[in-house]
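Student: Residue strings, one per chain:
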Amino acid sequence: MALFYQIPKLNYHKPKNLNEALKLLKELGDAKPIAGGTDLMVDMKIGRVKTRNLIDISDLREIRKIEFHKDSIIIGAAVTLQEIINNERIRREIPILVEAAENLGSWQIRNVATIGGNICNASPAADMAPPLLILNSKLKLSSINGDRVIPLEKFFKGPRQTELMVDELLTEIVVPKESCNAGMKFIKIGRRRAHTLSIVAVAVAVRTMEDKIEYVRIALNSIAPTPIRAYKTEEELIGSRVNEVEGKVKKLIEEIKPISDVRASAEYRREMAVKITIDALKMSIENWRCKEK
Amino acid sequence: MKIIRFQLNGKWVEVEIEENMTLLDLLRRKLHITSVKRGCERGECGVCTVLLDDKPVYSCLTPALKAEGRSVITVEYLSKNGKLHPIQEAFIKSGAVQCGFCTPAFILTTYALLKENKNPSEEDIKRFFDGIICRCTGYVKIIEAVKIASELCNQS
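If you're matching them up, the sequences are chains A and B in order. For the first sequence, the numbering used here gives the first residue as 1, with consecutive numbering after it. For the second sequence, the numbering used here gives the first residue as 1, with consecutive numbering after it.
Check before you lean on any hint, since a few could be wrong.
Unchecked claim - Simulated coverage check for chain B against chain A, where a stretch passes if three residues somewhere in it have a Cβ under 8 Å from a Cβ of chain A: (1) 13-20; (2) 70-80; (3) 125-137.
Claimed, not checked - Cut-off 20 Å, straight-line C-alpha distance, at most; resulting in silico cross-link-like pairs (EDC-like, lysine to aspartate or glutamate): (4) Lys9(A) <-> Glu18(B); (5) Lys138(A) <-> Asp56(A); (6) Lys140(A) <-> Glu102(A); (7) Lys9(A) <-> Glu62(A); (8) Lys32(A) <-> Glu18(B); (9) Lys126(B) <-> Glu102(A); (10) Lys14(A) <-> Glu19(B); (11) Lys50(A) <-> Glu27(A); (12) Lys14(A) <-> Glu76(B); (13) Lys9(A) <-> Glu68(B); (14) Lys50(A) <-> Glu14(B); (15) Lys11(B) <-> Glu76(B); (16) Lys9(A) <-> Glu19(B); (17) Lys9(A) <-> Glu76(B); (18) Lys70(A) <-> Glu93(A); (19) Lys14(A) <-> Glu18(B); (20) Lys9(A) <-> Asp53(B); (21) Lys251(A) <-> Asp261(A); (22) Lys14(A) <-> Asp53(B); (23) Lys14(A) <-> Glu16(B); (24) Lys115(B) <-> Glu27(A); (25) Lys16(A) <-> Glu68(B); (26) Lys55(B) <-> Asp56(A); (27) Lys2(B) <-> Asp167(A).
To be clear, the hints were calculated from the coordinates, so they are not data collected in a lab. All C-beta atoms in this analysis are idealised placements derived from N, C-alpha and C, irrespective of residue type, glycine included.
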């Protein structure tokens, strides 16, 4: 009976609706929600996560929707990455989400892994975080006692630590429509192209006016304990001319804290972070110009 | 223990299982379908791939209870009455099988891919195959097999 990995004994709950799921989450106290399970199953196998109860939320209709409203686009937390890739309207209106999703995991992973799971797992290398950060996304956290909405940048507390309370579930990701009106680009560096964790990744959103940067958002992963916005660099860039961006992005080094690990050294990460941020900025500016025409 | 009911290769089956069981263990240990391989067990290598409602997934990362009420397809589904599926013929024809350990996963993924895209380009094939590792590194022949398979499937 020797197996490499064995998940400890547990109870597997399959609530029929969101309300039932939230009630279970409250009652059980130590339960873990499971959607695609592509991170959680590994964590349970290696003992990083221990739980007696799993609540399967992957089929809950309430959190599997994609809605296009006048001011916002709402993506249910249990929408899979492949569904994002296949959604024609997302492809048109928020292509940066498709770019990031296409570079995450493999087809087998993308078929089940969810956008909410990628955020809630709160890996420093979460690939959906940089694009959602530059889109000024908000998260709806629900519990049986009610909902609250917080900006994504307030959600990450540390590696695998989030703002979520034990009885709360991430139910919706809200992307303000006005954030989509920018030139954007996502660049990820990994050890190889397919099915790889990020060594560093960046997402950029830009609007320029008369060759000056009027609006900019920069977010990166894998260079700090959580995915982060590069506020100082953004501030430095506002108002500067488009041909000056290269020098200004040097500031980025002051606000990132990469570590050395199995994927890359801190030095490499630092250098690549600057390099791909410059590249992503230039491409975003180009994308914005095309969009404006 | 829980009783799970699902369609395995087109036939309904009912099995009593532990709630912490993976789909990989349900298939291999309970139902003795050993074409589904145990590889890395953590979603890196792809040899445990099965089709869940026609979509390729890693059975090592899938709780068995997720199969409840759904369809699970393994490579046994493809040949009918002793006659191989065109995809299997294509893999033989191009010599895409070396040690054979990854072959069921690649054949199932080809089956799923050709359902979505009847004429995949080489780029498409590479992209959709990014989740399976061939230990023998025989990717050139595997990609060739998919091209032949798409021709064979389009003819029949």
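Student: Please work out if Lys50(A) and Glu27(A) have their alpha carbons no farther apart than 20 Å.
Tutor: Distance of about 18 Å is within 20 Å: holds.
Student: Is Lys32(A) close enough to Glu18(B), meaning Cα to Cα at most 20 Å?
Tutor: holds (18 Å)
Student: Is the hinted pair Lys2(B) and Asp167(A) satisfied, with a Cα-Cα distance of at most 20 Å?
Tutor: violated (26 Å)
Student: Run the distance test for Lys9(A) versus Asp53(B): straight-line Cα separation, threshold 20 Å.
Tutor: violated (27 Å)
Student: Within 20 Å, alpha carbon to alpha carbon, are Lys55(B) and Asp56(A)?
Tutor: holds (19 Å)
Student: Would the pair Lys14(A) and Glu19(B) pass a check requiring their Cα atoms to be no farther apart than 20 Å?
Tutor: holds (12 Å)
Student: For the pair supplied as a hint, Lys16(A) and Glu68(B), is the alpha-carbon distance within the 20 Å limit?
Tutor: holds (13 Å)
Student: Can you confirm whether the C-alpha distance between Lys115(B) and Glu27(A) stays at or below 20 Å?
Tutor: violated (43 Å)
Student: Check whether the Cα positions of Lys14(A) and Glu76(B) lie no farther apart than 20 Å.
Tutor: Since the Cα atoms of Lys14(A) and Glu76(B) sit roughly 30 Å apart, the hinted pair is violated (cutoff 20 Å).
Student: Within 20 Å, alpha carbon to alpha carbon, are Lys9(A) and Glu62(A)?
Tutor: violated (29 Å)
Student: Is the straight-line distance between the alpha-carbon of Lys138(A) and that of Asp56(A) 20 Å or less?
Tutor: Between Lys138(A) and Asp56(A) the Cα gap is close to 24 Å, so the pair fails against 20 Å, i.e. violated.
Student: Is the hinted pair Lys50(A) and Glu14(B) satisfied, with a Cα-Cα distance of at most 20 Å?
Tutor: Not satisfied, since the Cα-Cα distance of roughly 29 Å exceeds 20 Å.
Checked against the numbered hints above, the structure violates hints 2, 5, 6, 7, 12, 14, 17, 20, 21, 24, 27; every other hint is satisfied.
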